[in-house]
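Chains as they are written, first to last, in the numbering used here: chain A, 69 to 367; chain B, 478 to 704.
Don't take every hint at face value.
What the hints assert, rightly or not - Incomplete in silico selection of chain A near chain B, CB under 8 angstroms:
(1) K111
(2) Y118
(3) V183
(4) G221
(5) G286
(6) M287
(7) P291
No lab work stands behind these hints: they were computed from the structure.
We treat Cβ as the ideally placed atom computed from N, Cα and C, and that holds for glycine.
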Amino acid sequence: MYKFHSGEELIKLAKQHKIPISEVVIRYETANSTRNRSQVIEKMYKRLEYMDKAIQDGLKNKKPSASGMSGESTYKLLKIMKNKKKKMLLNDLTLKAMTYALATVENNATMGCIVASPTAGASGVIPGVLFAVKEYLKLSKEELLKGIFVTSGVGLIIAENATLAGAEGGCQAEIGSATAMAAAGITEMRGGQPDDCLNAAALALKNLLGLTCDPIGGMVEVPCVKRNALAAVYSIAASDMTMVGIESFVPFDEVVEAMSNIGKLISPKLRETALGGLAVTDTGKKLNKKLGLKIKSND
Amino acid sequence: MSAYSIFDITGPVMVGPSSSHTAGAVKIGQIARALFNKTPKKVTFYLHGSFATVYKGHSTDKALLGGIMKFTTKDPRIKEAFRIAKQKKIKYSFKEIDLGIHYHPNSVKIVLEAGKHKMSVIGSSIGGGNITINKIDEFEVNIKGVAGKYFTLIISHKNIPGILATITSEIAKTKINIANIQNTRLSAGGKALTIIALDGKMTLKQVQQLQDSDPNIDFVRALTKLN
């Protein structure tokens, strides 16, 4: 049986059967659903197609969102990537991952179609990082597919042992999880072992513990959109750190447990209610007024 | 916790921006439309809590209206819902309401009308695109997990002796297993509502046969798996 409820169990299965994490996840889904192996793979390819389309649609989009808070960042990054004379500090891969991540979330903010992975607000990190790494390392679509099965498996463990919802755990549960999932996914894609994948996930998630969900106007835009781009950079960094042998002192499963604990300690005002943090800054309040939003605290 | 599918993690495919304020709202609209069972001429949405405060930014309004027109969560026409509703000559309006503290912050009361037919449905979007239906007309109900797990029958009927036996024996003929039954009545001998979750899917013909099996059954609605 290919059931796993923790990172430890996932690695154990991979080692026991001498298969990568992606293969454990494919066998898990096949055993636990009504779909056979080829249907599972076909459905995941379909999800990848939707992700690709969201990126492509987002890259074409130059219009701001209805609120005016987001919508032009993708275009700016794309322009700079094409202009080879302008020297950037990040490398091409990282800039591309940020661009793709932004394209996806800006597409989401303008009512485009996206794949919630794991949520709509954090939907940019995984496609951004995985598609950019695929192109940068010139990998096949089969390798990309492996990456997305790894991200799904890691997300599954977080969903079971903590949460993926900002309303429950703050943004660490959304962007934090997406960053960890993406880090693990690209680590297998670049040839890392199962241990490496979860080490990268641990490093990435640990870095974003305590992140609150305080979006302006309660909308999935500020800080969500740009945070997806910055989180994409963390994913790549966590994978690079892993591949040079830097280990997370706290193992993945314990980081997930810590994330769950912290989520319960975060005030409800900082869990998707728009009652604290960035949402109540002067800028946040001005936006509420401009859009006629009546967000009231109960106390 | 029960086993998730990896497609719950990498998914759903949806029109943004929010799984609870957009995708969930589409699903509530879809269910209200399925319960009404005809294209409404007029729809009024009463928005409660967070739905009332942030609905514009999340296009909850377009999502609800899109659901009423049977759009799925990934239908790009959601963006054009107002224009399409006008084309279809569906009158719509959005109002704010306080349904009380018992309702989830993301709740809406939808009133659908077509000629003399009128129905009201209250639903809540509880996170990640999951929803519950809490009230149908004057009946308190609790329909969860319609978004995937079960094929659900909503049966409006008179509260008289033997009626439940008629319904369940009619279902027994289809050899489909009953997963769960909820029954609520307004008064003895008066109106009652029964909700039955099934492990398998009934055909349209079987649903019609159930509806015709007893004159004391007003209507049967079938809610299929939503996406």
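Legend entry - Numbers of the earlier hints that this structure fails to satisfy, in rising order: Failing hint: just 7.
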